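In case you want the letters, here they are:
Number of protein chains: 2
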Amino acid sequence: MTRVLREVRRFAATRSEPGVVAVSGGADSVALLRALHTCHAALTVAHVNHQLRGEESDADEAFVRDLCAALGVECRVRSVDVTALAAGDNLESTARRVRYEFFTEVANEVGAAWVATAHTADDQAETVLHRLIRGTGLQGLRGIAAERQPLPPTPSPKKGGGARTEEEAIASSLAPPPFLGEGVGGRGSSLFRPLLAVTRADVIECLAALNQPYRTDRTNADTRFTRNRIRHELLPLLKTFNPDVVSALTHLADHANEAHQVIVTAAGELLANAERPRAAHVIVLDALALGTSRCLIRAALRLLWEREGWPMSGMTFDAWERAVEVACRNAGACDFPGGVTMRHSGRVVQLSQRT
Amino acid sequence: MTRVLREVRRFAATRSEPGVVAVSGGADSVALLRALHTCHAALTVAHVNHQLRGEESDADEAFVRDLCAALGVECRVRSVDVTALAAGDNLESTARRVRYEFFTEVANEVGAAWVATAHTADDQAETVLHRLIRGTGLQGLRGIAAERQPLPPTPSPKKGGGARTEEEAIASSLAPPPFLGEGVGGRGSSLFRPLLAVTRADVIECLAALNQPYRTDRTNADTRFTRNRIRHELLPLLKTFNPDVVSALTHLADHANEAHQVIVTAAGELLANAERPRAAHVIVLDALALGTSRCLIRAALRLLWEREGWPMSGMTFDAWERAVEVACRNAGACDFPGGVTMRHSGRVVQLSQRT
Chain A
1 MTRVLREVRR FAATRSEPGV VAVSGGADSV ALLRALHTCH AALTVAHVNH QLRGEESDAD
61 EAFVRDLCAA LGVECRVRSV DVTALAAGDN LESTARRVRY EFFTEVANEV GAAWVATAHT
121 ADDQAETVLH RLIRGTGLQG LRGIAAERQP LPPTPSPKKG GGARTEEEAI ASSLAPPPFL
181 GEGVGGRGSS LFRPLLAVTR ADVIECLAAL NQPYRTDRTN ADTRFTRNRI RHELLPLLKT
241 FNPDVVSALT HLADHANEAH QVIVTAAGEL LANAERPRAA HVIVLDALAL GTSRCLIRAA
301 LRLLWEREGW PMSGMTFDAW ERAVEVACRN AGACDFPGGV TMRHSGRVVQ LSQRT
Chain B
356 MTRVLREVRR FAATRSEPGV VAVSGGADSV ALLRALHTCH AALTVAHVNH QLRGEESDAD
416 EAFVRDLCAA LGVECRVRSV DVTALAAGDN LESTARRVRY EFFTEVANEV GAAWVATAHT
476 ADDQAETVLH RLIRGTGLQG LRGIAAERQP LPPTPSPKKG GGARTEEEAI ASSLAPPPFL
536 GEGVGGRGSS LFRPLLAVTR ADVIECLAAL NQPYRTDRTN ADTRFTRNRI RHELLPLLKT
596 FNPDVVSALT HLADHANEAH QVIVTAAGEL LANAERPRAA HVIVLDALAL GTSRCLIRAA
656 LRLLWEREGW PMSGMTFDAW ERAVEVACRN AGACDFPGGV TMRHSGRVVQ LSQRT
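As they're listed, the protein sequences go chains A and B.
With the numbering used here applied, the first sequence corresponds to residues 1 to 355, in that order.
With the numbering used here applied, the second sequence corresponds to residues 356 to 710, in that order.
One chain only, chain A, in its complex shape (with noise of 0.2 Å):
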């Protein structure tokens, strides 16, 4: 038995009901489309067609049909002009947007409990790499979630998508990795990647085994784009110091992801502890409760901010790094994206959101 098809069935085993499969027809989704219709008997396929490459995209989507028609399983298509839709924003993230939302409609319709999509323990190697390169924390280094328990309907498309470049955007949005973490699950529907512990080479020895073809995008050769050259020129740099970098990065995203969970938990009582009631839409914060650790301080700010709804995308490294300044030191003040303002004062910390 194949690697992959063992952690399918692993992952299969204690999931009977309804689920669906995301399949671009590349060969990471097609072996997952593969194994899983081994061993589990209510799949729906679903296909987003971005419309990016004319001719080769319509023929992924009919590639996939064929599959599906082959195998019996219930296909589910959705076709989107993305370029249309994303109009000048960010088109990794638009694209990504459209198909994970696409994805929980499906799941919501056909009642099934879960989503599972194909990302690789060498998507997860390059996330880690392209966060470690760009610059990242703790936080960004936990990669790709190996699973998200049901969330609230997705959220609207944030304007901007930060400081990427269109080409990189491009790169991403034709392929599966979402770089910045945003997948969502549906409603009620948790989202699963049986494969993270899997290797790109694992994949392409299951679909050998099976004597199943795949399509190949073949923009994904193309080094111009960030995420291309760290397949094709950094990761193989990389094992020839050690033929094992995929898995000692992937090791290094579940410590980062376990490490959080610490950090996450801490944060949350240090916040409780150092907030004090609302001066009318003033938050509080007590500067001598707050301590000393900048790592629970960046954590706590992180908090506060995802519990107000006040925009992080604008909010870069450097931008904790000015928060956690001002909440340490004895006086200061700074300005945030979304009109967020923060201002310590003797023993305390002020934070407000202009209306």
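Treat the hints as calculated values from the structure; they're not laboratory data.
Any given hint could be a false lead.
Result set (EDC-like, lysine to aspartate or glutamate): computed pairs, CA atoms no more than 20 Å apart in a straight line [said to hold, decoys possible]:
| no. | chain 1 | residue 1 | chain 2 | residue 2 |
| --- | --- | --- | --- | --- |
| 1 | A | K239 | B | E560 |
| 2 | B | K594 | B | E630 |
| 3 | A | K239 | A | E205 |
| 4 | B | K594 | A | E233 |
Keep in mind it's a predicted model, so treat the numbers as computed, not measured.
Let chain A serve as the given structure and place chain B on it in line with the hints.
Frame of chain A; chain B shown alone:
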């Protein structure tokens, strides 16, 4: 004023006590010495001739002696045949031990309160990358510490030294960064790295501004050695993705360091809560009180290993994972280096070392 001078003056401003500067003769340590010499009156230089490169090593020593004479700074030199001393053991860790022992000795002799080494942000980035590639948890991501408070006398050398090749050991022993982070300040003297926020480019700029020559270790260009390949192949490639990748990696090390402190504190509390009275030489932990956070259990076990003085050098990434597994599962046992055994039965986790 160059960035090096600014950073060094900030460091020296609060440290008027006598200090020791470790100078190999390379660009980083020569820049550190020249910068410190402009703002600190009570310096002693310490140089170790490892006798690893014959005449070139002797020429390095002569260069450092001449520079000190020109600056009017006392220079103390230790010449050690490190290859003979290591006698087949890890050359790198032997060389590092010899260096830090000598720095400590000089600090004690001249009554210095601190020892400064010239590790830069580039060394930090290389260390972080080296560990990322080899496989590391949060622990290793912390990289090189900016300072170490006084520590107990230098520990005796450890046998073995892990899975590194002799080649790598030689390469690393020739150059400053202690990849394994075992640098040791002396009894009463603290260890500082005032250039840890300064890049190698800043160092070269500083030396150019002073028209100050320095020695080049030609083995640094030998890309057969892992560390040199990280410097000469990997880092340049990463800089094509992000020119500021060095600062991205050093910031990550800072975050990992901060997070590590939070986790160690929480793990210390966890251990105190979970530990029961010893049964003879057997340590007894309440499995329920250990909780379910793999991150905290791992950190608590590390604290226990350190406290008991059990051998850590053979405790690889995988060995710690096995230890966590035994603690988390309801039953099981495992042996670890140095005759340490761990057994989980019902609510009790027992640990002991065969004597």
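Status of the hints after comparison with the structure:
Between K239 (chain A) and E560 (chain B) the CA atoms are separated by roughly 34 Å; this puts the pair beyond 20 Å, and the hint is violated. With a C-alpha separation of about 48 Å, the suggested pair K594 (chain B) and E630 (chain B) falls outside the 20 Å cut-off, and the hint is violated. Proposed proximity of K239 (chain A) and E205 (chain A) is supported: the alpha carbons are some 19 Å apart, at most 20 Å. For the given pair, K594 (chain B) sits about 13 Å from E233 (chain A) by alpha-carbon distance, which is consistent with the 20 Å threshold.
In summary, the numbered hints that this structure violates are 1 and 2.
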